[in-house]
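Using the sequences and the hints given, assemble the complete structure.
So the protein sequences, as listed, match chains A and B. Take the numbering used here: the last position of the first sequence gets the number 708, and nothing is skipped along the way. Take the numbering used here: the last position of the second sequence gets the number 708, and nothing is skipped along the way.
Bear in mind the hints are in silico, worked out from the structure with no lab data behind them. Incorrect hints may appear among the rest.
Taking CB as the label site, the calculated pair distances span [claimed, not checked]:
1. 529(B) to 560(A): 20 to 30 angstroms
2. 631(A) to 650(B): 30 to 40 angstroms
3. 376(A) to 375(B): 50 to 60 angstroms
Calculated lysine-lysine pairs in the PhoX-like style (CA-CA distance at most 25 angstroms, straight line) [claimed, not checked]:
4. 638(B) to 468(B)
5. 553(B) to 553(A)
6. 35(B) to 59(B)
7. 638(B) to 641(A)
8. 641(A) to 641(B)
9. 35(A) to 46(A)
10. 414(B) to 250(B)
11. 553(A) to 549(B)
12. 414(A) to 250(A)
13. 59(A) to 35(A)
14. 553(B) to 549(A)
15. 641(B) to 638(A)
16. 250(A) to 468(A)
17. 468(A) to 349(A)
As the structure is a prediction and not an experimental result, all values here were calculated from the model. No residue lacks a Cβ here, since even glycine has one placed at the ideal position from N, Cα and C.
Residue strings, one per chain:
2 protein chains.
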Amino acid sequence: MTSVDMSRSMPDSDLARLCAPRSVAVVGASEDDRKFGGRLLKYLVKHGFSGDIVPINPKATGVLGIPAYPSVAAAGRPIDVAIMALPAEHIEASIADCAAAGVRFAVIITASFAEAGVEGLERQRRILDIARSAGMRILGPNCLGLMSPHARLALTPSLSMERPDLPRGGVALVSQSGALMGTMFDYGADRGIGFSLGASVGNQVDIEICDFLDFAIDDPNTRVIATYVEGLANPLRFLDCARRAHAAGKVLLVTKAGRSEAGVAAARSHTASLAGSYTAFSAACRSVGVMLFDDPNSMVEVAGFLCEAPSYREGGAAVFSGSGGGCAVALDRISEIGFPIAELSEATKASLDGVLQESHRHLPLDLGVLQGGWSRANIAAALERTLRDPHVGAGVCVLTTQPLMVETVEEAVKAGREAGKPVIIVNLAGSAGDASRAACRRLGYACFDTMDGALRALAAISFVSGAKPSVRGTVEPTAVPPALDGRIGRLTEHEAKLLAASAGIRVTREIVAVTAAQATAAAEEIGFPVVLKGVSKALVHKSDVGAVKLNLKDAAAVDRAFADIAQAFSTHGIAGFEGCIVQEMGHGEVELFLGAKHDPEFGALILIGIGGTTVELLGDVQVALAPVSEHEALAMMKRMKLWPLMDGFRGRPAVDVTAAARAASRLSELAAGLGPRLQEIDINPLLVGARGAGVIAVDGRATMVAGT
Amino acid sequence: MTSVDMSRSMPDSDLARLCAPRSVAVVGASEDDRKFGGRLLKYLVKHGFSGDIVPINPKATGVLGIPAYPSVAAAGRPIDVAIMALPAEHIEASIADCAAAGVRFAVIITASFAEAGVEGLERQRRILDIARSAGMRILGPNCLGLMSPHARLALTPSLSMERPDLPRGGVALVSQSGALMGTMFDYGADRGIGFSLGASVGNQVDIEICDFLDFAIDDPNTRVIATYVEGLANPLRFLDCARRAHAAGKVLLVTKAGRSEAGVAAARSHTASLAGSYTAFSAACRSVGVMLFDDPNSMVEVAGFLCEAPSYREGGAAVFSGSGGGCAVALDRISEIGFPIAELSEATKASLDGVLQESHRHLPLDLGVLQGGWSRANIAAALERTLRDPHVGAGVCVLTTQPLMVETVEEAVKAGREAGKPVIIVNLAGSAGDASRAACRRLGYACFDTMDGALRALAAISFVSGAKPSVRGTVEPTAVPPALDGRIGRLTEHEAKLLAASAGIRVTREIVAVTAAQATAAAEEIGFPVVLKGVSKALVHKSDVGAVKLNLKDAAAVDRAFADIAQAFSTHGIAGFEGCIVQEMGHGEVELFLGAKHDPEFGALILIGIGGTTVELLGDVQVALAPVSEHEALAMMKRMKLWPLMDGFRGRPAVDVTAAARAASRLSELAAGLGPRLQEIDINPLLVGARGAGVIAVDGRATMVAGT
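Structure representation (structure tokens):
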């Protein structure tokens, strides 16, 4: 889906009237519910919308017993919202009709606009022009409308409206896909989740995702926002929304399609293989405290859970099950995601005397070995005393086909609420568990049908408890060093290092030599041993072709190396041999990769990885929005899987992580300050010395484009 | 749960009579279905068991209208199976009653046996003795019995029997946990899956998992076996079962509890952190073509699917959805697991003229853009023509809330069966999808409610199509080299390398020196540069304490290094300084880790990893049952994430992988040949030189125990 961001210049920036209109016109209303226009009217009536309903149909005087009009203008009364599902070729006229009649919001279900090629894009532009000149806003086209349960408004032809009710609650759905909006709503409503909004935005010609996010953030009914995104109309506005949601105490969850594109787009360049568009999106989300999901239905389940369950603060998970097998499977899977497992205090164990058999007064709690057999009282006591334990931060209650399922669910929800701790209920049974699922719904508590879902909930409570958007200061524009003034395109290694040095990062001393004689002279000046590297703008990976010679100890070695490198260029058919860099031989304990990249959506990103030339294979790279402080850079390094290599692993020296973090922070400031002019820069490797010995950049690449 | 393997010495090794008995006695039969004995009788009657039902209850002359007897003996007729749910203290007498009456199988539901401490273990032994002497077999105790749908036999108090029917089909469930057996059955039956068996084995005092596996492998009704394992009574018999299942064309799936124990048990020793019990189990399963799951319900879903869907052979996945969002989410997730994504041939695209809008005749197939709108005929044509494409190996049909859901499901199943290709149906809708779920059930086709489940199915069809149990030859016992005769305990590095050398692996030339003078003399003999390493049995990680000095270029350096190492031992308080090994300086391009370990269940394992001393951090280790051939060792190396480092990555030399594979194979033969005497051996690093340059072991550790 494509999108145009013009929303800021439009009137009616508040969507309250769209989500709670006084009057709705259904253009193309029909009595045939196999048609969009038929279902639209049917659902609007069925779900009890109390405002004025105005069917528009040139061929009928009434539809479903409601007086109909040939046009919106002919209806002769104020219309807040007109929704239309007409053939694409009739939309333009209908929009003109609405504009003339002073309609405030037009919702266009019809497809075949921008997503269907040039002709559709033109049509989309024309309707936008008409709407703009009349001050009317547009939702869609190519969307499935919206639902607003607190207003009893079903303004969508989605078949999910076949359900008997529109459950009201605190989850707002904002979805680019109409089918997924309906699906998430249907899936969630079955699980007892109530909604404050279900909005689909389709092509986002005018109203876009962030408009609904702003609405939901301000909406007192909304507590959690679950968003399905394909492409953002305004990425930086999205970051503002995320910060605003956090400040308002609301949780923002996102599923983004196109995660696998990152891999595809990464093929061309070195850094592109580390940071593609989804990488940027996910780094941005982490920076503003937004949790990402890989699955829309799972996101909704978790949203419903977060809405109703007490908040998690700290402590381990306590697993309860009527089945020893259920306990074992749950523990295995919880361990895998790294959520801490609680152990009971001795006092709690003692308090379970009379409740559980002596051999079983520990976590996981096997509710199958209650003293005196299954009883509600003992289940209640076991859950309540365990959840009160200060080591326990959350409960995971795994139901199998077992006695007292309903009672177990009721006691688990009660005990969790009393202890002020979230209890995740996983109902693994089939229809034998339906009565206990119904009990959850009665209690307004979302339960999970799979361990997969429960694990996502555990990950979510942990994420939400720790999420804190970073505060961004103003970024000062940075000037390139004079030697690079006006340089655009791929820089040489030497130029890339000049850029790094201008940010205050130590680089190897080096002299460019065009002849072997210059090279030996340069080596004498720098001091042996030295490194020789062939120079050509055409060569990305120097070590791949034998164009790097390390540890040259005397003039003869330098002379030979120069000749060898020249020969290697010729052998590999690489154009533009410009000589060699003669370079001080750097030393360090660990090879770090530092990169920055300009993302077209989110601006400068900073990348920190371990492994030098093997960084791509290891994939151990952290990404964040630039700039980052030294403190943030250090936190990024600590999230690397191979962080122990920097921290004194197995007798290695602890390395100068302070200097490494400082270099990363400075590079991030450089990238943020240069903005789009610096397309990308890699320092690889940055050698990190022992504590106090600092860092040194021994190789680098960069690409600049003309400033704007 | 604990277990004793005595089954081989018992009569009635065939469980056919247990699974299809002519007569069943219910000991403790009751009319109160809150009691185990009440539910047992109720379910037996309810599900239509046609054999003789004999309630045993000393206080009643009839239960549920069926004549009852005070004891099995008093019933005065042959009883194939007696099932009992009595207080633990009454079991022994009841078993004696059954034994005296010539009962062939006793099923004990009652718990509080071996799992509840010493007293229970004693009780368990006594009942086994009684049964043995009478030639009676025991299932349980601490189990939930079994169900045998083709015999209409519900021999279990599981509440899953509340469902109206026992769906018959080709999935055999064999579960150590009774609650999970009932849960998997209930969950699967709801999804249209039919079963040939549901067996729970509990404490496995006599009949164990492998008895049921053998039964299911020979059972003509069974096509797929889904097994939940906590502990195997006889691991090697399990491997035989797996090979037999594969030969019989049946698929064996396993979920094993205790996966996270591997991490816990790993704390003590170096190699233990790489290979624990679950690691061994999973290596063994891979070797015999068994697919592992992390979740019992997911395993059952996939089992049902494999039972009914055509087999996958080759080709990519074709995604269909009525929602563009559904397509996008599915593609992202399929890409993540590495299943190939299909592209349509030009001929197939052309064949979609008239079916799909021109802009959308490609994969993923958006069924929302059919030409002329939603129609069954176009859906049928789109699915059928796409699945016929030779590039397409499997279909993934993602249903959202959309029109024609039932029709889409019916056409997808039909098209898949006609093309002979598996089609995975994922129904993301809530109750709006119930009619289409029912359609799947009518067609005897398992559908998935989550993308998580669908992904496991894709992984499974790929695994099953490639699974081929390795053939094990006879392992020749190996003698230790004479120098190590009688050596037990932790070997020195030098001794460990003697052992490696005895298997034909090249090790560094080295001389043990007790004094600095001996060290310099040894260095002169070996030739400079040399390496010095401090020797002590108390020291595991030499490099951690500065006890390794590399690249010593002359006698003075050796002399100084010797003193430094002696000092380091003293500084770190390490006992038993025995001098230094003076060692040839090895060279290579890549550091490999080779290990072998004796697993108490599965015998010798071979481990191959990359990263030398960082192998633990990288976790890039492959494990297999030893011995492995050179070919198998090479295949293991190619599965390593960092394999490209050995294969000419970024201009590095391609290394001598043949020599590395040969060394791994030889080490695996050594370990298999020495059996439990060699507890573990690590060669770390094994330096692998450029192609043709061979390998050299530069460090090693090993632990031997007394031979048996």
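Verification of the hints:
1. Taken as a hint, the range 20 to 30 angstroms holds for the pair residue 529(B) and residue 560(A), whose Cβ atoms sit roughly 22 angstroms apart.
2. At about 33 angstroms, the beta-carbon gap between residue 631(A) and residue 650(B) stays in the expected band of 30 to 40 angstroms.
3. For the pair residue 376(A) and residue 375(B), the beta carbons lie near 54 angstroms from each other, so the given range of 50 to 60 angstroms is met.
4. Among the hinted pairs, residue 638(B) with residue 468(B) is consistent with the structure: their alpha-carbon atoms are about 18 angstroms apart, no more than 25 angstroms.
5. Proposed proximity of residue 553(B) and residue 553(A) is supported: the alpha carbons are some 16 angstroms apart, at most 25 angstroms.
6. Distance hint between residue 35(B) and residue 59(B) is fulfilled; the C-alpha atoms sit about 16 angstroms from each other, no more than 25 angstroms.
7. Taken as a hint, the residue 638(B) and residue 641(A) pair is honoured in the structure, with Cα atoms around 22 angstroms apart against an allowance of 25 angstroms.
8. Between residue 641(A) and residue 641(B) the CA atoms are separated by roughly 14 angstroms; this keeps the pair inside 25 angstroms, and the hint holds.
9. Of the pairs offered as hints, the one joining residue 35(A) and residue 46(A) holds, with about 16 angstroms between alpha carbons and a cut-off of 25 angstroms not exceeded.
10. For the suggested pair residue 414(B) and residue 250(B), the alpha carbons sit about 24 angstroms apart, so the restraint of at most 25 angstroms is met.
11. Proximity of residue 553(A) to residue 549(B) is assessed by CA-CA distance (about 22 angstroms); at most 25 angstroms being required, the pair is judged to hold.
12. The straight-line distance between the Cα atoms of residue 414(A) and residue 250(A) is roughly 24 angstroms, inside the 25 angstroms bound, and the hint therefore holds.
13. Between residue 59(A) and residue 35(A), the direct Cα distance comes to roughly 16 angstroms. Compliance with the 25 angstroms bound is thereby established for this hinted pair.
14. For the given pair, residue 553(B) sits about 22 angstroms from residue 549(A) by alpha-carbon distance, which is consistent with the 25 angstroms threshold.
15. Taking the CA atoms of residue 641(B) and residue 638(A), the gap is about 22 angstroms. The hint holds against a cut of 25 angstroms.
16. Among the hinted pairs, residue 250(A) with residue 468(A) is consistent with the structure: their alpha-carbon atoms are about 12 angstroms apart, no more than 25 angstroms.
17. The straight-line distance between the Cα atoms of residue 468(A) and residue 349(A) is roughly 36 angstroms, outside the 25 angstroms bound, and the hint therefore fails.
The structure fails to meet hint 17 from the earlier list, while all remaining hints are met.
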